[in-house]
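2 protein chains.
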Amino acid sequence: MAKGPPIKYNIHFNPDNVDILAEPGDNLMETAIAAGVHINASCGGAGVCGTCKVFINKGEVESTRTKWVTDREYNKGIRQACQCRISSDLVVDILPESRMEKAVLSREKKGIATEATIPLVTGWRFNPPVKKYFIGLPKPTLEDNTGDLTRLLRGLKQQYRLDSISVDFELLPKLAQALRDGDWQVTVTTLLDSTSGIKIINVEPGDTRAKHYSLAFDIGTTAVRGQLLDLNRGKLLAQSIDYNKQISYGEDVISRIVQSQKAGGLKKLQRAVVTTINGMIKEMLGEAKAEVGDISYMVIAANSVMVHLLLGLDPKYLRLSPYVPTLNATPLAKANHLGIELGRHVYLYALPLVASYVGGDIVAGILGTGIYQRKAVSLYIDIGTNGEMVIGNSDWMVTASCSAGPTFEGGGIKHGMIAAPGAIEGSEINPLDLEPEVTTINDEEPKGICGSGLINTVAALLKAGIITQNGRFNTTLSTKRLRKGDDGYEYVLAWASETQIGKDIVITAVDIDNLIRSKAAMYAGCQTLVKSVGATCSDMERVVIAGTFGCNIDIENAITIGLLPDLPRNRFIFIGNGSLLGARLTSFSEDLLRDGQRIAGMMTNIELSENVDFMDNYMAALFLPHTHAEVFPSVRIGKGRGD
Amino acid sequence: MAKGPPIKYNIHFNPDNVDILAEPGDNLMETAIAAGVHINASCGGAGVCGTCKVFINKGEVESTRTKWVTDREYNKGIRQACQCRISSDLVVDILPESRMEKAVLSREKKGIATEATIPLVTGWRFNPPVKKYFIGLPKPTLEDNTGDLTRLLRGLKQQYRLDSISVDFELLPKLAQALRDGDWQVTVTTLLDSTSGIKIINVEPGDTRAKHYSLAFDIGTTAVRGQLLDLNRGKLLAQSIDYNKQISYGEDVISRIVQSQKAGGLKKLQRAVVTTINGMIKEMLGEAKAEVGDISYMVIAANSVMVHLLLGLDPKYLRLSPYVPTLNATPLAKANHLGIELGRHVYLYALPLVASYVGGDIVAGILGTGIYQRKAVSLYIDIGTNGEMVIGNSDWMVTASCSAGPTFEGGGIKHGMIAAPGAIEGSEINPLDLEPEVTTINDEEPKGICGSGLINTVAALLKAGIITQNGRFNTTLSTKRLRKGDDGYEYVLAWASETQIGKDIVITAVDIDNLIRSKAAMYAGCQTLVKSVGATCSDMERVVIAGTFGCNIDIENAITIGLLPDLPRNRFIFIGNGSLLGARLTSFSEDLLRDGQRIAGMMTNIELSENVDFMDNYMAALFLPHTHAEVFPSVRIGKGRGD
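These protein sequences, in sequence, are chains W and H.
The numbers in my numbering rise by one with no breaks, and the one at position 187 of the first sequence is 187.
The numbers in my numbering rise by one with no breaks, and the one at position 455 of the second sequence is 455.
If you're looking for bench data, these hints aren't it; they were derived computationally from the structure.
Keep in mind that the hints are not guaranteed to be accurate.
Same chains, same label: a pair holds when it works inside one copy or across any pair of copies.
[Claimed, not checked] Below, simulated DSSO-like cross-link-like pairs (lysine-lysine); rule was C-alpha separation at most 30 Å, straight line: (1) 157 with 316; (2) 282 with 76; (3) 282 with 484; (4) 174 with 316; (5) 67 with 235; (6) 58 with 267; (7) 262 with 139; (8) 157 with 334; (9) 245 with 334; (10) 174 with 199; (11) 316 with 334; (12) 334 with 132.
For reference, chain W alone in the conformation it holds in the complex:
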């Protein structure tokens, strides 16, 4: 019997308004990814996080129900996308809380203060590792008919004193034509490779020196930030920001590593981030009205997992003790061999890694802040799912990282969300009536709470005496905002009628516990690190707070809950995206490129995960602000004046 053509169902996604054909039994989450439709999925599709809820508007799915879907939701037709198998044509509405919105990133984009960043690193020359040389060669004659390449090398030696340079094999097929098309006047692009010296990577007819651009990218677990730069004048031509498309496979590095171990997983993750990068490059080229052929170089800074995934390296051993990356310094890679849509001659340089959880993004940050150039000791903190910290000066540098959990990105929190429109970011609580006043991103009706909002809310609860210093709710207070919910006590920040999601937005005792654990890990990390060199936090001349998240936190509130050490406020510096800053500077200067390698080499990594001191410090920090109140002298805690 002849088999008929396979049945295909049409799946329509709202509000994206995208259609895709799927086969019976296809997973709905994977179908959404294939259609380019994003659904949040912290756990990477394992069904355990409940962030991928969708409403099956029309049609049928077979789905496995987990505890994350309530009876009421289930009866309404709400399902977890990752748990659905397609069995008919479908219309699928993605719920507001399951959607990621690019608007917040655009907002951030406008806010990137690239040129305004304090020039912390000093004394470097503008001298890009990739250079263009214009050269006129004598035309060959019967008396001088040496090979094209020999002629070119001879010319570069005579005119520019370039000697012992190697040649990229891939440029050879077009060399003869380029020389003749340019009538023996060509532009040669060279690249400095720290181990093997100078290499010719491109030869173009005529004088193309005016168009000589580089790309700097910070590849974060959540967001990717890129800049298109002019290598002649060190100017920013365009910038772009986008979510890392790997998010569909899980929100933190651990779920990415887990995903990478599945069949074809590494390839998929690699392709996802490359797709993100390619889209951003196109966008920036459009904005700057530049051609892809004008780009000569690309520098990236990223955490160790992101570097491994982008380069196609198995990240497995990064998460297994003793936490070993495949490499620290990364050999130059051809960008287009990785799938990045750039000229065949463009190499990608990744800033070196220090350890499994101290990546090139931290090296880039240290580079950009110039901490490694000063005698005075600084503390560098990058707050995120993975918290990284560095302490040191021009002579030494010690680093550590700790898993703070996804709390700061809104993960593991009942109404947590990333810092997108509708996220509660500010909270004040009137100590008299215990009523909150919240502000949201873009002033939309509330949809959830983002990381900085959580810090501000907990600080407000503490100052109003609604929670005690051990993080428990003061249940003796009389306010309808404080009530018993599914997860124990909770405080209502917004009533259902005031929200976008039609549900009360609350902060629960569990949420507060999670935040306390996260901030305790960060603080204990800093403390352990500082103590490991025989110092105390107050010895720190500067505390540099890096990361976009770091930029949005309120310093007083962060100290109030004991996330940051209680130091004179003028010692804190916010540098924004230190990783992107370092990547950009690396593309501008051979000196800084070498400095970056030196920084990675001088950093000693301390593993906190199996460190006894860290565990003690962590236990002591599970208090607001801290068990030892004397280390937070400026923090004054309210006494429940509302009761």
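Following the hints, position chain H against chain W.
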């Protein structure tokens, strides 16, 4: 109206017994190439050489008739394959003279006296440019969890004093697993790159040092010769020889260049030679019972056109004045990027070129013979379609090449053929009755005359007085062997009844003219070159004759016709395939690799094609043996005693 599926015809080739589908109007020659069926085609399908005759046994073709198909042949159904367009199902018989037979190569294969080659080059150390190091590394701990690559580099520095080494990007994805699979005991393969230093190209678990092989290839215009070598002991493990599959696109380098300029032509030619190489590698691995993963390195020596085509470089400018190659020294290329089926880590090194018509094969030959090491002056001659010659010693070296035409390969000769079974290679003529006695390769019935056969035949005709010193037939002689044919006078070497082709095999006045022009070019080339350095031929301490063809010629006959200078016979050395010898030695020794580069650098190339001296010398050499009899004192010419 819907279009039907395209019509396909079945084409069957005999005696190969191969079928292929073709579309109406397809060219029969190209269809044969697509089917992997070889038909000789000296001119590359231009219709001008007449070597691709086939018999259309069944079916219809549309064909353009040229002067190469006689009336009788045409009426029998014989056509030129390159001139046929398919218009029905076909059965095509390829005529014996249009077929290439592998048997002759097998015969040659047995004869390659690799190990017996006189060790002419001296004083070099066995020290391959590709090395394997076995290393045990300390396992990572929490206190020492630096990256895998850093650990490896540290170990190589400590244990082997290897410093500043670079790493091939492509090995990184498997590095972590290799180290753990080997329980931190691994074998590292390194490669010396003359410009950028030492590079790690492979890391394998455990100790694989015992299997460490290289390939040496001589890539000739007609034949490709390869050897599989043991880099631990410098031993030959297997060898192989095959026709260069590019032959289907034309027999000489000029037709290959012409072919490369057609759409997709360069790609096709590149693939053809790579297919040849891949087949030979498989054969050698089978013979040596080795695995492809055991091969660490590949060295090739080839003429400039073959190097360009293999590397995918446009050879266009090689044949246009002032004859400029794309390169002289060749950067290392990844073998598998070229399509060669070897491990991803294997690099291909090509011996450097001197000029458009003086290639790496000549550099290899000079290297293998050690001419560059001696004070005394030697002359090196490689006789072929393109004749190359070098004169020099340890201080200087001058080289030239001349187009001798395809005569020495049997081209341009009425019954010419390559040195395959049935080719007449030896001729003696009885001066009394003027009857010939011919010997053929493999003692088969004659099918044609090969290059060395032609030299011997012309020498015999001259000694018997059948031709005069200006190459004209002595028409006063009375023998039925000498008669008037289509191309003027001709001498019958074999009657139709004695041959495989059912036709009289003759040597014509035109054939003799062609040989005289070819030998005159070779001799004049040597003479011009020798004179250019103020010497004469008799100053040559040694005359090294290279090339497989060179090995088969009779030295007395070659001097008799004036192809080689009249010097004491003990000055002549036959080295066989100097190109393969040089490639092999290069894979054995960094010293010799550098020497090869030095040789290419010290050679001065003289362009003969536009040299006035050369033209004078050439005119004077258009005589048997030479216009100036005094330079050939030992040659005694018969006086037509048969009449």
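Here is what the structure says about each hint:
1. In the homo-oligomer, the alpha carbons of residue 157 and residue 316 lie at most 30 Å apart only across protomers (27 Å), although the nearest pairing inside one protomer, at 46 Å, exceeds that limit.
2. When the C-alpha separation of residue 282 and residue 76 is checked against a cutoff of 30 Å, the pair qualifies neither within a copy, at 42 Å, nor between copies, at 65 Å.
3. Proximity of residue 282 to residue 484 under the C-alpha cut-off of 30 Å is found in neither arrangement, the shortest distances being 51 Å within a copy and 76 Å between copies.
4. For a Cα distance limit of 30 Å, the shortest separation of residue 174 from residue 316 across copies, 12 Å, qualifies, whereas the shortest one inside one copy, 40 Å, does not.
5. For a Cα distance limit of 30 Å, the shortest separation of residue 67 from residue 235 qualifies neither inside one copy, at 52 Å, nor across copies, at 70 Å.
6. Taking CA atoms no more than 30 Å apart as the test, residue 58 paired with residue 267 passes in neither setting, with 33 Å inside one copy and 53 Å between copies.
7. For the identical chains of this complex, residue 262 and residue 139 are inter-copy neighbours only, at 27 Å across copies versus 57 Å inside a copy, given an alpha-carbon limit of 30 Å.
8. When the C-alpha separation of residue 157 and residue 334 is checked against a cutoff of 30 Å, the pair qualifies both within a copy, at 26 Å, and between copies, at 27 Å.
9. In the homo-oligomer, the alpha carbons of residue 245 and residue 334 lie at most 30 Å apart inside one protomer (22 Å), although the nearest pairing across protomers, at 33 Å, exceeds that limit.
10. Both within a single protomer and between protomers do residue 174 and residue 199 lie at most 30 Å apart by alpha-carbon distance, with minima of 16 Å and 26 Å respectively.
11. In this homomeric assembly, residue 316 and residue 334 come within 30 Å of each other (Cα to Cα) both inside a single copy, at 24 Å, and across copies, at 28 Å.
12. For the identical chains of this complex, residue 334 and residue 132 are neighbours both inside a copy (18 Å) and across copies (26 Å), given an alpha-carbon limit of 30 Å.
Checked against the numbered hints listed earlier, the structure breaks hints 2, 3, 5 and 6; every other hint is satisfied.
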